[in-house]
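Residue numbers (the working numbering), protein chains in the order written: chain A, 1 to 337; chain B, 1 to 337; chain C, 1 to 337.
Just so you know, these hints were derived from the structure itself, not from any lab.
Just to be clear, a hint being listed does not mean it is correct.
Stated by the list, open to error - Within a straight-line C-alpha distance of at most 27 Å, the following computed DSSO-like cross-link-like pairs (lysine-lysine) qualify:
(1) B:K333 - C:K333
(2) B:K8 - C:K142
(3) A:K90 - B:K206
Unchecked claim - Ranges between beta-carbon positions, derived for each pair:
(4) A:P111 - B:S21: 55 to 61 Å
(5) C:G203 - A:E47: 40 to 46 Å
(6) C:P309 - B:R5: 34 to 40 Å
(7) C:L199 - B:S21: 50 to 56 Å
(8) A:S14 - C:L199: 54 to 60 Å
Using N, Cα and C, we set each Cβ at its ideal position, and we do this for glycine too.
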Amino acid sequence: MADLRFFKRAGPFSLSEIAKSVGGRLKDEADANLMIEDVIALASAGEGHLSFIDNRKYIGAFLTTSAAAVIAGEELAARAPATAAVLIAKDPYLAYAAAASLFYPPPAVTPGRSPHAVIDAGADVPDTSRIDAGAVISDGAKIGPGSVIGANAVIGPNVEVGADCHIGANTVLQYCVIGDRCILHPGVCIGQDGFGFALSAEGHRKVPQLGRVLIESDVEIGANSTVDRGAGPDTVIGAGTKIDNLVQVGHNVRIGRGCIIVSQAGVSGSTHVGDFVMIGGQAGLTGHLKIGDKSRIAGQSGVVKDVPPGATIGGSPARNMRDWLKESAVLAKLAKK
Amino acid sequence: MADLRFFKRAGPFSLSEIAKSVGGRLKDEADANLMIEDVIALASAGEGHLSFIDNRKYIGAFLTTSAAAVIAGEELAARAPATAAVLIAKDPYLAYAAAASLFYPPPAVTPGRSPHAVIDAGADVPDTSRIDAGAVISDGAKIGPGSVIGANAVIGPNVEVGADCHIGANTVLQYCVIGDRCILHPGVCIGQDGFGFALSAEGHRKVPQLGRVLIESDVEIGANSTVDRGAGPDTVIGAGTKIDNLVQVGHNVRIGRGCIIVSQAGVSGSTHVGDFVMIGGQAGLTGHLKIGDKSRIAGQSGVVKDVPPGATIGGSPARNMRDWLKESAVLAKLAKK
Amino acid sequence: MADLRFFKRAGPFSLSEIAKSVGGRLKDEADANLMIEDVIALASAGEGHLSFIDNRKYIGAFLTTSAAAVIAGEELAARAPATAAVLIAKDPYLAYAAAASLFYPPPAVTPGRSPHAVIDAGADVPDTSRIDAGAVISDGAKIGPGSVIGANAVIGPNVEVGADCHIGANTVLQYCVIGDRCILHPGVCIGQDGFGFALSAEGHRKVPQLGRVLIESDVEIGANSTVDRGAGPDTVIGAGTKIDNLVQVGHNVRIGRGCIIVSQAGVSGSTHVGDFVMIGGQAGLTGHLKIGDKSRIAGQSGVVKDVPPGATIGGSPARNMRDWLKESAVLAKLAKK
């Protein structure tokens, strides 16, 4: 159960309230009036607790759970223990997310400005925002209503942050325009110079980086990730894209809508990534590529060529996933001879 | 020799004092009363200096060193130059660590609170701790005796830091409980939301992250590393584990005691790592795995399956180290035909 | 065109002024008096704009550009659209860099100290430097003339920063000496303890890290990169070397002059990298290696052996590039049978 020093729980809610809220339906024998007090993982759940099964790896815990109720897909509903009411959902993880948000709604933002924040007179900071201690907001910067600027964050001149954003502690934002409802976790650096040099034996010459970073709405960026500003064109991150920790996005990169980029991946300069692309952890994309919509790039892939829409690739250098797996198998067989 | 602007040296100490302190013994002809003034690498050492040989790569420097004394293993003791007294140690590097700590003990913490720190009235900060300028300590946070909170570090609400910890400058700690004698280097981010989304074409839904990060005692975490809090269970880092720079630890990960995790490695969500596991640089572990005690994972490995205790693995996807090396050799041979 | 909220443009300049400034020459039919107002990428350029072609990937945009003038190499000059004046340069990207710097010179530093900076009485901070809000400058630190210390940056005791440096927001500098004209982007951590432990089943023992970080002049280091201080010897980064974001440099590493190290690469302890070496993104170098001058290491390489001067290597474990490519091709062919 969540540590109530850190989290504030709502509820209890009846099973029928929860089912309605998450868009699922109760299995016939479930008691619609059963009161649920918390959401908890299968193995630890007990009386008054709602849990969920999504990943088949946890089927053992599902079969023996003491949870009062479980969210499950149609195909597993019949296998729940008799002691557990079942809430059937088309997408159990999505339903769990909704249920968890019901019990643990994001805390409301209490507006205000820390007296220890440093807000330039030329910055536009609405009364509905919250500015934490040590935050530095520069001249010309504009913060949207309901947004939070974390402690010791640095907002550069003329940067725009939209409404209802959470800008984490110790982030640094420069040369960027950020949409609404974005979450930037601590330590994120946005808008610094891209890695642009004209190489020369007499000394590499710095190329002025004249673009911005445009981050559309509903984007999340993980801790200590870095996004360079464009060299001339802008670097763009599309609406609803979610980026994990320690990810690098180079200059002029365009990332589409709804992409998922897992930790420690890197996208080199001027590569254009389509919509709903999934990039696995530690994957690296070289520069000037086109990555098709809905393609999937396995973790640690080294992508050096354009990727067609919908393709699944892996390996370094990356190739069609099937080819890569077959090559691995063939080589293993050869080595066993 | 260490730059005395940055380091404060103790001593001199006699060879016998040093031998006693580090748990070694002097080779017969060594003068127990020889005074040693400093510890220095083999190639630069001279009169009054103690050096050590641990890595065979440096045997050349050992054979010709001008050091007054050298820490060496039994097997190399006879090969030291006649001018060098030899301190024989079972583990020369461990003995060197002890000797270096004798000459350069960690500086004592001078307690105090910078007037430029921002400490909430509801935080529990003992007089024996040191809080540097710009540090922000939130309501309900608890700092242990003798601990240092570096400049511009941000300690979130209700976070607990144990005794004698060093929390580096510009770190951000949220939703976490930290044991005693931990060292967090600058820029570390602990306890932010894990990367938890229920994916959907209508927009990925954020899953509330309801766990904490528990860091046991004697843990060290390198600069700009990130540790996400659990989604429901906690993320746990076991006692005595040492983590290098730019490492990612995902939500719900459990890392055992005494592990070594080298720079830029990443451990994905819900993977459980045993005790005394070694994970090489840039290795990546996918989620939901079990990594056995004392296993060794080579640098850049891509681990996608459970690893048995004591195994040594490498490659991407990772396999038994011997198989991987054999496959590489077979392929190289084929390509040469 | 650059967003004038963020950038300040100089000019206009005539083509002949530009040609003189960048060291190129005008193609015969070009109008030397043509006034140019801005530098813009080929695809977006129009009247009054200067663009450039360097990467053959963009030849299509070159052939159809509406730019008033284009910087191109000798071999492409004849193929420019008739509407575009051509400025012929030996190295078009270098010439573009010069032209862009003409239109967008780096903003002059306005000296001053934020009243919200925390500068120790024992620090040496000249009037010509600029110290931003929340920066913490410790006792004995020395800042060179014309240098900028960004907001919330932390400069440790006795650290030296040379002249005309830009030290980014939220950086942390300890135990280091930095040359002139260096640029450290936000979130960089320099000089923390290297990852030095004497491993032991009874608990890994910390080895005192007694060296410094020496950064020579004209070095650039990307956002959230980390450079550990030496264990005894110093960690050294040679003059003119450019390091991208999220790069790790371990203790005792020596990097030569004019190197290029791309994002997320890592160099392990005690490895010596020569001059003008190029290290691709996500490449990893193990410790105690010698990397020859002008060698080239492909992205994601895993370097485990010394590299001869001038060599080009790739793969993990890394080998001669030709061998690596041949092995990949042979394996692909086998798998297709």
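What are the numbers of the hints that this structure violates, sorted from low to high?
-> Violated: hint 7 alone.
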